[in-house]
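J.: Spelled out from the first residue to the last, the chains are:
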Amino acid sequence: MEERHLTCIGCPMGCALTVTMDNGEVVSVTGNTCKRGDIYGRKEVTNPTRIVTSTVAVDGGKDAVVAVKTESDIPKGKIFDIVNALKGVRVKSPVHIGDVILKDVCGTGVDVVATRED
Amino acid sequence: MENYDLVIVGGGPAGLAAAISARKDGIDSILVLERDDRLGGILNQCIHNGFGLHTFNEELTGPEYAGRFISQLLDEKIEYRLNTMVMDISHERVVTAMNSKDGLFQVQAKAVVLAMGCRERSRGALNIPGYRPAGIYTAGCAQRLVNMEGEMPGKKVVILGSGDIGLIMARRMTLEGAKVEVVAELMPYSGGLKRNIVQCLDDFGIPLKLSHTVVNIEGKKRVEAVTIAEVGPDRKPIPGTEERYECDTLLLSCGLLPENELSKECGVEISRVTNGPVVNDSLETSVPGVFACGNVLHVHDLVDFVSMEAKNAGHYAASFIKNGGESDDKTIDVVCDGKVRYTVPQMIRPLDMEDTLTVRFRVANVYKSASVVVKAGGKELVRRRKQIMAPGEMEQVVLKKSDLADADKVEFGIEEA
Numbered sequence: 001m002e003e004r005h006l007t008c009i010g011c012p013m014g015c016a017l018t019v020t021m022d023n024g025e026v027v028s029v030t031g032n033t034c035k036r037g038d039i040y041g042r043k044e045v046t047n048p049t050r051i052v053t054s055t056v057a058v059d060g061g062k063d064a065v066v067a068v069k070t071e072s073d074i075p076k077g078k079i080f081d082i083v084n085a086l087k088g089v090r091v092k093s094p095v096h097i098g099d100v101i102l103k104d105v106c107g108t109g110v111d112v113v114a115t116r117e118d
Numbered sequence: 001m002e003n004y005d006l007v008i009v010g011g012g013p014a015g016l017a018a019a020i021s022a023r024k025d026g027i028d029s030i031l032v033l034e035r036d037d038r039l040g041g042i043l044n045q046c047i048h049n050g051f052g053l054h055t056f057n058e059e060l061t062g063p064e065y066a067g068r069f070i071s072q073l074l075d076e077k078i079e080y081r082l083n084t085m086v087m088d089i090s091h092e093r094v095v096t097a098m099n100s101k102d103g104l105f106q107v108q109a110k111a112v113v114l115a116m117g118c119r120e121r122s123r124g125a126l127n128i129p130g131y132r133p134a135g136i137y138t139a140g141c142a143q144r145l146v147n148m149e150g151e152m153p154g155k156k157v158v159i160l161g162s163g164d165i166g167l168i169m170a171r172r173m174t175l176e177g178a179k180v181e182v183v184a185e186l187m188p189y190s191g192g193l194k195r196n197i198v199q200c201l202d203d204f205g206i207p208l209k210l211s212h213t214v215v216n217i218e219g220k221k222r223v224e225a226v227t228i229a230e231v232g233p234d235r236k237p238i239p240g241t242e243e244r245y246e247c248d249t250l251l252l253s254c255g256l257l258p259e260n261e262l263s264k265e266c267g268v269e270i271s272r273v274t275n276g277p278v279v280n281d282s283l284e285t286s287v288p289g290v291f292a293c294g295n296v297l298h299v300h301d302l303v304d305f306v307s308m309e310a311k312n313a314g315h316y317a318a319s320f321i322k323n324g325g326e327s328d329d330k331t332i333d334v335v336c337d338g339k340v341r342y343t344v345p346q347m348i349r350p351l352d353m354e355d356t357l358t359v360r361f362r363v364a365n366v367y368k369s370a371s372v373v374v375k376a377g378g379k380e381l382v383r384r385r386k387q388i389m390a391p392g393e394m395e396q397v398v399l400k401k402s403d404l405a406d407a408d409k410v411e412f413g414i415e416e417a
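Residue numbers (the working numbering), protein chains in the order written: chain D, 1 to 118; chain P, 1 to 417.
Bound-form chain D, shown alone (with noise of 0.2 Å):
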């Protein structure tokens, strides 16, 4: 048995939430006082997602840089391997909002997208 200590994002609450987990799959969550806890909990230690939003050069533009996201979620364990991947990366001014920086960023088969108009 493996217990893990989260806080609860659900409301300003913050309940701290124990999660017993048993060869990876969850068997109790508790500390939680609403049903958001006990959906946080499980999803946050058997698939922990975020969105990634960081910066990329742009030549020619307003700025220095442009804003950038994954489109979608990506695994928590892969955001630094992603900014890193988006260190060398430059772009030519015009960028619009939606424009695709970088396909399949780390094989996440998530695309990195310009954010910001530059």
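If you're looking for bench data, these hints aren't it; they were derived computationally from the structure.
These numbers were taken from a predicted model, which means no experiment stands behind them.
The beta carbon of each residue, even a glycine, is placed where N, CA and C say it ideally should be.
Watch out, some of these pointers could steer you wrong.
Capping the alpha-carbon separation at 25 Å, the derived lysine to any residue pairs in SDA-like fashion look like this [stated by the list, open to error]: (1) P:322 to P:74; (2) P:155 to D:77; (3) D:43 to P:58; (4) D:35 to P:53; (5) P:194 to D:50; (6) P:179 to D:7; (7) P:179 to D:48; (8) P:24 to P:93; (9) P:368 to P:338; (10) P:179 to D:89; (11) D:35 to P:396; (12) P:194 to D:89; (13) D:87 to P:144; (14) D:43 to D:10; (15) P:194 to D:61.
Just a few of them, taken from the derived set where beta-carbon distance is under 8 Å, the chain D residues facing chain P [claimed, not checked]: (16) 5; (17) 7; (18) 83.
Once you've looked at the hints, dock chain P against the given chain D.
T.: Below, chain P alone, put in the same frame as chain D:
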């Protein structure tokens, strides 16, 4: 002198939503004045996601959220001037502004919407002891450097204040290769959203020290170290609890202040609690025909609520332009019990108000299992039990005109179990 029906001061989220709303209400002659070189305000540098859940039902980044409103403004062919600084707004609604193309110019407006936003509390406003070297930035200044100018302000960072911008920058600086040593918060609770504490600090193992503040800054040319100490219930540092962190950068995320220099010069009455104008149910200030919305009125946590409020301000400014603002209606006060720290609006015209009114408010402390109670004219209008209320999360209730006809005041309070 030029003439416009409506002049909007500020082209950020509040100004954009107010302009679009007034146009939809049939106002043709609108001018938006913006001091930056683009529309969208501070959203342009807020590249993280989480904006627009209430407005668009999806999670957008700041520039994307602004982009949606900018497109609508352009579609509506609403006039705007960039790089334009408003210098003065007179009591008679003459707006004096300047830019490098038109020079100094004056516009007579039938109505004005104040949408200047807010600015960050700086080191000077915080009275932090120690040397005054380079390397001390407000979190928003660092955000602009990283996200727009592509510059890193430093490599080893201490953050004072757990406001959302500070938390967001803790993550951003970490992703860009900096080491964020600690976030110190003076209060016993965080000023930021739970979600940001988990996803910006916990995800990266950055410690958050509540009831701590900065007691010394070392370094003559550049920051070399910052010392933090625990504070007691009186918020004074406890001797012997000092911890020294070697670092080259101190970021400040210690609250936002509505930017009301223009409003004050115009004669607008300012609330000592919100630092924004005192307004009635139509978001009109004490100067007739001058309306306010967004962070210049009171600091919001979510831009969605700024847009909703600004939409109302645009609507009320439009009806002022169409119908004139003269009203014989009495005005009643909204009174807070102290546990409710403030409400917006602070005044209501019970006969002129629309059928329903959303009143937004903040509480003074963290209250668990307590009830929001609203009373007027000897009746209890609202009693709503909340599992938790915190100063960092704005609350709202909707009041009905039919409940307020005989009231001489409206009372907002918190009853603890």
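J.: Hint by hint, which ones does this structure get wrong, listed from lowest number up?
T.: Of the numbered hints, 12, 15, 16 do not hold.
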